[in-house]
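Starting from the known structure of chain B, arrange chain H on it as the hints suggest.
Residues per chain, in single letters:
There are 2 protein chains.
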Amino acid sequence: MFVFQNCTFQKCNTGVISDKTMSKTELEGFRNKIRAELDRTVDFWVKHSHDQEYGGFFTCLGKDGTPYDDLKYVWLQGRQVWMYCRLYRTVDRFRTPEILQAAKAGKKKLKPLFHSLVTTAPKRQCGPGMQNNQTDHVGLRTELHTERVKQLKLFSLNKEESGHPSEAVRVMDQIVHWVRVDPSGLGRPEMPGAVPLNAMAVPMMLLCLVDQLEEGRGELAEKYSELGQWCVQQILQHVQRDGTAILENVSKDGKELSGCQGRHQNPGHALEAGWFLLQYAVRHGDEGLKRTAIEKFMILPFHAGWDQQQGGLFYFLDVDGHCPTQLEWSMKLWWPHCEALIAFLMGYTETSDPRLLERFSQVYSYTFTHFPDSEHGEWFGYLNRKGEVELDFKGGPFKGFFHVPRCLYMCERLLDGLLGKPQAS
Amino acid sequence: MFVFQNCTFQKCNTGVISDKTMSKTELEGFRNKIRAELDRTVDFWVKHSHDQEYGGFFTCLGKDGTPYDDLKYVWLQGRQVWMYCRLYRTVDRFRTPEILQAAKAGKKKLKPLFHSLVTTAPKRQCGPGMQNNQTDHVGLRTELHTERVKQLKLFSLNKEESGHPSEAVRVMDQIVHWVRVDPSGLGRPEMPGAVPLNAMAVPMMLLCLVDQLEEGRGELAEKYSELGQWCVQQILQHVQRDGTAILENVSKDGKELSGCQGRHQNPGHALEAGWFLLQYAVRHGDEGLKRTAIEKFMILPFHAGWDQQQGGLFYFLDVDGHCPTQLEWSMKLWWPHCEALIAFLMGYTETSDPRLLERFSQVYSYTFTHFPDSEHGEWFGYLNRKGEVELDFKGGPFKGFFHVPRCLYMCERLLDGLLGKPQAS
Numbered sequence: 001m002f003v004f005q006n007c008t009f010q011k012c013n014t015g016v017i018s019d020k021t022m023s024k025t026e027l028e029g030f031r032n033k034i035r036a037e038l039d040r041t042v043d044f045w046v047k048h049s050h051d052q053e054y055g056g057f058f059t060c061l062g063k064d065g066t067p068y069d070d071l072k073y074v075w076l077q078g079r080q081v082w083m084y085c086r087l088y089r090t091v092d093r094f095r096t097p098e099i100l101q102a103a104k105a106g107k108k109k110l111k112p113l114f115h116s117l118v119t120t121a122p123k124r125q126c127g128p129g130m131q132n133n134q135t136d137h138v139g140l141r142t143e144l145h146t147e148r149v150k151q152l153k154l155f156s157l158n159k160e161e162s163g164h165p166s167e168a169v170r171v172m173d174q175i176v177h178w179v180r181v182d183p184s185g186l187g188r189p190e191m192p193g194a195v196p197l198n199a200m201a202v203p204m205m206l207l208c209l210v211d212q213l214e215e216g217r218g219e220l221a222e223k224y225s226e227l228g229q230w231c232v233q234q235i236l237q238h239v240q241r242d243g244t245a246i247l248e249n250v251s252k253d254g255k256e257l258s259g260c261q262g263r264h265q266n267p268g269h270a271l272e273a274g275w276f277l278l279q280y281a282v283r284h285g286d287e288g289l290k291r292t293a294i295e296k297f298m299i300l301p302f303h304a305g306w307d308q309q310q311g312g313l314f315y316f317l318d319v320d321g322h323c324p325t326q327l328e329w330s331m332k333l334w335w336p337h338c339e340a341l342i343a344f345l346m347g348y349t350e351t352s353d354p355r356l357l358e359r360f361s362q363v364y365s366y367t368f369t370h371f372p373d374s375e376h377g378e379w380f381g382y383l384n385r386k387g388e389v390e391l392d393f394k395g396g397p398f399k400g401f402f403h404v405p406r407c408l409y410m411c412e413r414l415l416d417g418l419l420g421k422p423q424a425s
Numbered sequence: 001m002f003v004f005q006n007c008t009f010q011k012c013n014t015g016v017i018s019d020k021t022m023s024k025t026e027l028e029g030f031r032n033k034i035r036a037e038l039d040r041t042v043d044f045w046v047k048h049s050h051d052q053e054y055g056g057f058f059t060c061l062g063k064d065g066t067p068y069d070d071l072k073y074v075w076l077q078g079r080q081v082w083m084y085c086r087l088y089r090t091v092d093r094f095r096t097p098e099i100l101q102a103a104k105a106g107k108k109k110l111k112p113l114f115h116s117l118v119t120t121a122p123k124r125q126c127g128p129g130m131q132n133n134q135t136d137h138v139g140l141r142t143e144l145h146t147e148r149v150k151q152l153k154l155f156s157l158n159k160e161e162s163g164h165p166s167e168a169v170r171v172m173d174q175i176v177h178w179v180r181v182d183p184s185g186l187g188r189p190e191m192p193g194a195v196p197l198n199a200m201a202v203p204m205m206l207l208c209l210v211d212q213l214e215e216g217r218g219e220l221a222e223k224y225s226e227l228g229q230w231c232v233q234q235i236l237q238h239v240q241r242d243g244t245a246i247l248e249n250v251s252k253d254g255k256e257l258s259g260c261q262g263r264h265q266n267p268g269h270a271l272e273a274g275w276f277l278l279q280y281a282v283r284h285g286d287e288g289l290k291r292t293a294i295e296k297f298m299i300l301p302f303h304a305g306w307d308q309q310q311g312g313l314f315y316f317l318d319v320d321g322h323c324p325t326q327l328e329w330s331m332k333l334w335w336p337h338c339e340a341l342i343a344f345l346m347g348y349t350e351t352s353d354p355r356l357l358e359r360f361s362q363v364y365s366y367t368f369t370h371f372p373d374s375e376h377g378e379w380f381g382y383l384n385r386k387g388e389v390e391l392d393f394k395g396g397p398f399k400g401f402f403h404v405p406r407c408l409y410m411c412e413r414l415l416d417g418l419l420g421k422p423q424a425s
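Those protein sequences? They're chains B and H, same order as listed. full-length UniProt numbering applies: residue 1 is where the first sequence begins, and numbers increase by one. full-length UniProt numbering applies: residue 1 is where the second sequence begins, and numbers increase by one.
The set of hints was computed from the structure by calculation and includes no laboratory data. There could be a bad hint or two in this list.
Identical chains blur together in the list; that is why a pair holds if it fits in one copy or across any two.
[Unchecked claim] Calculated cross-link-like contacts (lysine-lysine; reagent style DSBU-like; alpha-carbon spacing at most 30 angstroms):
id, residue 1, residue 2
1, Lys-47, Lys-108
2, Lys-386, Lys-63
3, Lys-255, Lys-63
The shape of chain B in the complex, shown without the other chains (with noise of 0.2 angstroms):
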């Protein structure tokens, strides 16, 4: 059992948190409302999505899923490809005719851009109204990229099945002579000044990136295994002071770098490097890993990140406790409650530590409050600190058909393990 870091029970407890492990009941109830909403959100993308005419999908939908702008963010179309197929291959409700259809329209879709996308992935290409993100210059496109390798691997299977080396592949040593060797590539010269850093979200998409190709893969665990270890190593720089917090930059050498950029914190990027870690310690039997995954990367974030008056996760913090420059700071954005479901039930699954279930049930609770538009479907993105609405699109530049469903996909299939039940029901 590990020791909750800086934080009793009494102190975390702002939400419907009780002290004795959860009942089956509850556990069903969590599974039937997560297998209802998962549902939902598939109808909603599925409905106002699709561009019959033109093909691939429409990423900026509003309230009422009427697109307000026919960009089509590139990102967000590999991504809604890799979901759509991910769903179509391994739920039996979700292979549809219907899915498949847009899975291949998109893939076809996007087919031209790759090349492009492999030498140039260009962030304009992803439209207006990028979010300020002091890691977007590589790890934007490393994401691109991931979405990109994720959705092609899962078409390339048999390709790779009858021996020939999937594109899938070759993106990745692309992306790893970026990351590793050369990032001039990325043709976003850094400017003079800049600080050379270790920004976490470079090694947490490469990790989720191997996790994915090595998925059912068993020829390629070995070809990156020592690159597994690397991203696992450079996301462990970012546990800092004393083991205390997680700092999003840090400096090459895993050093706490200056002012605001070294004491940035991301709490729902730590959750989603902390699920991400916990997948690969235990497909690695490695137990250390397991533990530092949960304490130092749920646990900390977590409890650093929660709203202790308002309740939800703040976006961005400094972990000394100044106020962030970033004017979005105190918002509470759909995504980091996405990654804390994800991790706490995983954390729980594998550790059967009722504090873990609590963690879960608390952001649970936030979440199913405060996210989800009764009236129209989906979710609603962007809160303000006390919880309100203040952005009501449900697509926009970073909000696709993935966060979302990812999660009540991965929750849903947890707690089926959880309660015994066959998966891909």
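Same frame as chain B, but now just chain H:
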């Protein structure tokens, strides 16, 4: 007397507005409050921002003036030098050895950076926490040079008087080349797929530059005559929708762009452009441009941007009423209110139209009840939609010794003029 487009007096009346011309007593009240506030603001920065050890100015100042980061944003260094020079040169009570010394020290610190700024204008040197701004790729650099030019010009008067070409003019020629001939020297290549656009920031800042360089320099008025007219025409391209709206981004040939990018509105920016245009129109005796500046760049953006429920000017809007995709869209920032105060007071000074003084009074009322910090001095910069302080620092990546003192300085002088007082008192 111009017509208030789409705006009756009643519709806009949400503040302390009387339908009669205000009395001299009321103008005295504004003037005395503004004068006292300028003194407090200068005191705050003189007390807290001067780096006695390494020179230059701390720009990251917390609520009570204590630096929370020793990062010195280059463009804000330039703005502070410019503001000190302006105050020293034109206001008797600020003609003190302390302010002169601070301006000289700031200039000394900036001088070595100057060459690299001219050649690379590194945005990155402005540090982390950069707000999302579609125009800052060129806009920020232009503004950064604007400030540098202001600073150099103000320090190079003697050289110029003795006939040497000023550095300011050389920088100006470089900027004009970047803006009108070839932006590649800015060092940040446009991404493939980027839509070429006319972002209002660029001609606006260039017009401000022209005004700065012409001021007190007859010989340069002719040199920059065509450039000034070009800037005005570029700015006027942003009057769209049959003259009923100012749009922040238009196509290179002055047409509305599709989607969010085309519908984007920044009321504070439009109001700032309004007083730049009015100042230019007055200097060049252009009555038609005076009317356009007031009707299109003051009345329209104020009517579009004023929050009828909570008061204050929204940061961003979508001209068709869709939810903007910028997370901070509904926040109330200090600087749009500064620009609105200058714009309406300048408009009233030039037209004697009481409705412009009423708008000034409305913005004054919101501004002075929400932004100033009575405890520590200076102004808060970032309020939420309801007008509550959301970020409490006094200096940050975009907030330095510039918008607040420039506004208070200009308003004090305009009010002195209206009250028939001798200026520079």
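A quick look at each hint next to the structure:
1. Lys-47 <-> Lys-108: within (20 angstroms within a copy, 63 angstroms between copies)
2. Lys-386 <-> Lys-63: both (20 angstroms within a copy, 22 angstroms between copies)
3. Lys-255 <-> Lys-63: between (44 angstroms within a copy, 28 angstroms between copies)
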